[in-house]
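Work out the full structure: start from the sequences and follow the hints.
Here the protein sequences line up with chains E and S, keeping their order. Reminder that position 55 of the first sequence reads as 57 in the numbering used here, one-by-one numbering, no gaps. Reminder that position 72 of the second sequence reads as 90 in the numbering used here, one-by-one numbering, no gaps.
Each hint should be verified, as a subset may be incorrect.
[To be verified] Here are the simulated DSS-like cross-link-like pairs (lysine-lysine), alpha carbons at most 30 Å apart as the crow flies: (1) S/K75 <-> E/K71; (2) S/K75 <-> S/K19; (3) E/K60 <-> E/K71; (4) S/K75 <-> S/K31; (5) E/K60 <-> S/K19.
[What the hints assert, rightly or not] If you want the footprint, here are the derived chain E segments under chain S, 3+ residues with CB under 8 Å: (6) 41-47; (7) 100-113.
If you're looking for bench data, these hints aren't it; they were derived computationally from the structure. These numbers were taken from a predicted model, which means no experiment stands behind them. Note that the Cβ used here is the ideal one computed from N, Cα and C, for glycine as well.
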Amino acid sequence: AQSVTQLDSQVPVFEEAPVELRCNYSSSVSVYLFWYVQYPNQGLQLLLKYLSGSTLVKGINGFEAEFNKSQTSFHLRKPSVHISDTAEYFCAVSLSGDYKLSFGAGTTVTVRA
Amino acid sequence: KAGVTQTPRYLIKTRGQQVTLSCSPISGHRSVSWYQQTPGQGLQFLFEYFSETQRNKGNFPGRFSGRQFSNSRSEMNVSTLELGDSALYLCASSLTAGVRDPLHFGNGTRLTVT
Chain E
3 AQSVTQLDSQ VPVFEEAPVE LRCNYSSSVS VYLFWYVQYP NQGLQLLLKY
53 LSGSTLVKGI NGFEAEFNKS QTSFHLRKPS VHISDTAEYF CAVSLSGDYK
103 LSFGAGTTVT VRA
Chain S
19 KAGVTQTPRY LIKTRGQQVT LSCSPISGHR SVSWYQQTPG QGLQFLFEYF
69 SETQRNKGNF PGRFSGRQFS NSRSEMNVST LELGDSALYL CASSLTAGVR
119 DPLHFGNGTR LTVT
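Here you go:
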């Protein structure tokens with residue numbers, strides 16, 4: 003079974019500063035990787051996903067992530083955050099061909115002016 | 019295009035009762051998945067339905083069940099409610115089974131068991 007570890011539970015950051023959210027997974031087989039965002043009182047919205055191909059994945063709202071197979075990581079980055087990026091971010095993994103997502107515990111990003 | 023609709027948004031039930039939650043997927047989507055979100059356990063997969071068939075089930079007791087109708091709408095039922103069933107229940111729809119196509123989540127049903 004795969005597991006997902008999000009290394010930071012809370013990340014405070016100033017507006018217009020860069021942010022990196024770290025995610026590691028444990029699996030010895032091919033995986034699909036995802037980042038979702040959840041705003042207060044809402045469901046999850048897909049930011050980006052890696053299925054195959056280029057290891058640098060660009061998503062919505064200026065986010066990008068890099069898949070590193072040797073380090074089993076899929077870290078999320080944004081070069082300049084806005085107040086509106088305040089939310090909880092979830093990393094998720096699925097075995098290739100599987101039907102379910104296994105989520106990390108989430109990272110709460112708080113952007114301050 | 020309308021998003022995933024979950025009803026009701028909030029529910030308060032008593033231990034021992036049963037509850038039914040509803041999910042209407044995005045038009046044209048044939049797969050519906052359910053997830054439970056709690057502060058302690060995080061997001062956990064409950065089950066997935068595709069073309070009215072349950073394709074996969076998470077590690078939950080038999081008190082949790084679901085079904086999907088011919089119009090792809092889905093319901094999940096929890097019988098004999100326990101305090102630990104208090105959670106946000108999220109439904110997600112996608113075009114096909116599996117996770118390759120993006121999952122579109124609803125805003126959830128928040129269930130409180132007293």
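Results for each hint:
no.: 1; hint: S/K75 <-> E/K71; verdict: holds (28 Å)
no.: 2; hint: S/K75 <-> S/K19; verdict: holds (29 Å)
no.: 3; hint: E/K60 <-> E/K71; verdict: holds (17 Å)
no.: 4; hint: S/K75 <-> S/K31; verdict: holds (24 Å)
no.: 5; hint: E/K60 <-> S/K19; verdict: holds (24 Å)
no.: 6; hint: 41-47; verdict: holds (count 5)
no.: 7; hint: 100-113; verdict: holds (count 9)
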